[in-house]
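If you read the protein sequences in the order shown, they are chains A and B.
With our numbering, the residue at position 37 of the first sequence is 587, and numbering never jumps.
With our numbering, the residue at position 70 of the second sequence is 620, and numbering never jumps.
Just so you know, not all the hints are guaranteed correct.
Since the list can't tell identical chains apart, any single copy or any two copies may satisfy a pair.
EDC-like mimics (lysine to aspartate or glutamate), calculated; alpha carbons at most 20 Å apart, straight line [to be verified]: (1) K692 <-> E612; (2) K692 <-> D593; (3) K562 <-> D606; (4) K667 <-> D677; (5) K600 <-> E581; (6) K562 <-> E584; (7) K562 <-> E576; (8) K600 <-> E584; (9) K596 <-> E576.
It is worth saying that the hints were derived from the structure and are not from the lab.
What follows is each chain in one-letter form.
Protein chains: 2
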Amino acid sequence: MLLCDVGNSRVKFYKGGVTQSMPVAEFMRYEPKERIFFISVNDSVKKKLKNPLFVDLAPHFELKTAYRGLGIDRIAACSAVSTGVVVDAGSAITVDLMFKSSHLGGFIMPGIGTLLKSFASIAPVLDVTLSTNIDLDPLPQKTVSAVNYGILKPIVLTIENIAGNNKIYFTGGDGAYLMRYFRNSIYEKDLIFKSMVSLIAKKGLA
Amino acid sequence: MLLCDVGNSRVKFYKGGVTQSMPVAEFMRYEPKERIFFISVNDSVKKKLKNPLFVDLAPHFELKTAYRGLGIDRIAACSAVSTGVVVDAGSAITVDLMFKSSHLGGFIMPGIGTLLKSFASIAPVLDVTLSTNIDLDPLPQKTVSAVNYGILKPIVLTIENIAGNNKIYFTGGDGAYLMRYFRNSIYEKDLIFKSMVSLIAKKGLA
Chain A
551 MLLCDVGNSR VKFYKGGVTQ SMPVAEFMRY EPKERIFFIS VNDSVKKKLK NPLFVDLAPH
611 FELKTAYRGL GIDRIAACSA VSTGVVVDAG SAITVDLMFK SSHLGGFIMP GIGTLLKSFA
671 SIAPVLDVTL STNIDLDPLP QKTVSAVNYG ILKPIVLTIE NIAGNNKIYF TGGDGAYLMR
731 YFRNSIYEKD LIFKSMVSLI AKKGLA
Chain B
551 MLLCDVGNSR VKFYKGGVTQ SMPVAEFMRY EPKERIFFIS VNDSVKKKLK NPLFVDLAPH
611 FELKTAYRGL GIDRIAACSA VSTGVVVDAG SAITVDLMFK SSHLGGFIMP GIGTLLKSFA
671 SIAPVLDVTL STNIDLDPLP QKTVSAVNYG ILKPIVLTIE NIAGNNKIYF TGGDGAYLMR
731 YFRNSIYEKD LIFKSMVSLI AKKGLA
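Chain A extracted, bound-state conformation (with noise of 0.2 Å):
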C-alpha cells in the first residue's frame, strides 16, 4: 500500500515503514502506477492528483474541531492523538491542542529553516547557522548565540505554554531536534502516515 503526503515544497511517500521524498517540481513529472493514497495541503498540484489511481483521504477523515480551514495534514496527524499536543516542525510549524480526541485550536509559526532565512534577509551580521546544542538558560553574549536563542526560546516557551501537562508529540523534519527542550514529549517521524493507515484499516479503504 503506498501513501502520499503532499506538501508545500516537498512530496512524501510511504511504503511499508519506508519514506522517500521529492520536490513539488518533481512530483509534476511523476507517474502512478498503483493505487496511491494521498492527502494533500497543495493546491498547485490539484490537477495532477485527478488520475484516479490517486486516492484523496480527506473526505473519510472526521476530527471534532472549530477551526476553519484547517490543513488536512493537521487533520491526519491530530486524529492521530486523542490528548496532547501536536507539533509537526517542517518549513513552518503547526502546533494543536488535542483533548479526548476533539481538537481545541492551534496555531503557526515559521520553521527553524525559515527563521534562519528570514535572520539572514535582514543583515549579514544574522547568517548565522544553526548550533546543535543550545543553553536557553544563559543570557546570550554574542551574535550567534543571540540568534540561535531567538530563534528557540520562543518556539519553546510558546509550546511549553499551550502544552502545560500534556504530552506532546512531534513529528517533522526538526521534530526531533526539538524534542529534546521538552521534558513530555515523543517524536513519531510517521505520525501523519500511521493516521493515514489507520483511517484505511478502520473505513476498509483498502
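Starting from the structure of chain A, add chain B where the hints point.
Chain B alone, transformed into the frame defined by chain A:
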C-alpha cells in the same frame, strides 16, 4: 545639532526632536552640509561616512557588557536605561537586559514584518496581514488568527520571560504596537537619539 542612525535598510535623522528617514540607497547620494553625529551598524556605508562632517559617536559609548559584537544601536539604546529590558522592534527585534547600568546579555528575534514575509514565503494561504487587535488568550480557530498568534505569542512570551518584574522600554517602528501586550512598559520612540544627545552633552562633543 543633527544626529544620524544608520541601520541596515534605512537611515534616520534627528534634529530638534524631529525625525526623518531615507532608504540606504538614497543616503548613498546624500551630501552633508553641517556636522552630523552618527552611529552605524551598516558596513556598506563605511566609505560614505569617511566625510569629516560625519562624527562617529561609537568610540564614546562606554557600556559595561561581556557581550562580544553588540551592535552600536543596541549599545546606544541600552546606555539610556539603568535597569530594565530594552526592546528595539524593527526588521529585527533586539532584546537586552540592563541591571544597574550593566548589560547582562540579550537576544535577537525576527521583526513582525520579517515574520509576515517569511509566512508568505512558506505557502500562499499563510500570506496574511497582522490584525490590529489580537487576543492572545483563546487558541486560534482559523488560519489568519493562527498566523497572528504564531507571530505575537512567541515574541510576548520571550520578552516576558527575560523581563520578570523589570520595566520594559520599547523603541523602534513596532514598539508602540508591541508595548500594549505588557503591563510594565513604556514606548520611547527616540530612545537611541536621546541617548546620543545625552552622550554628546556628557562628553562635551558639540
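For K692 vs E612, is the C-alpha pair at or below 20 Å within one copy, between two copies, both, or neither? between (49 Å within a copy, 18 Å between copies)
When no copy is named, should K667 and D677 be tagged within, between, both, or neither for a Cα gap of at most 20 Å? both (8 Å within a copy, 17 Å between copies)
Checking K600 and E581: alpha-carbon separation at most 20 Å within a copy, between copies, both or neither? within (12 Å within a copy, 62 Å between copies)
With identical chains, the pair K562 and E576 could be close in the same copy or across copies; at 20 Å between alpha carbons, which is it: within, between, both, or neither? within (12 Å within a copy, 47 Å between copies)
When Cα atoms must be at most 20 Å apart, do K600 and E584 count as within-copy, between-copy, both, or neither? within (14 Å within a copy, 69 Å between copies)
Is it within, between, both, or neither for K562 and E584, if the alpha carbons may be no more than 20 Å apart? within (16 Å within a copy, 62 Å between copies)
Intra- versus inter-subunit Cα pairing at 20 Å for K562 with D606: within (15 Å within a copy, 54 Å between copies)
How would you classify K596 and E576 at a CA-CA limit of 20 Å: within, between, both, or neither? within (15 Å within a copy, 45 Å between copies)
Within, between, both or neither: K692, D593 at alpha-carbon 20 Å: So K692 and D593 pass the 20 Å test across copies only (18 Å; inside, 43 Å).
Going through the hint list in order, the structure satisfies each hint without exception.
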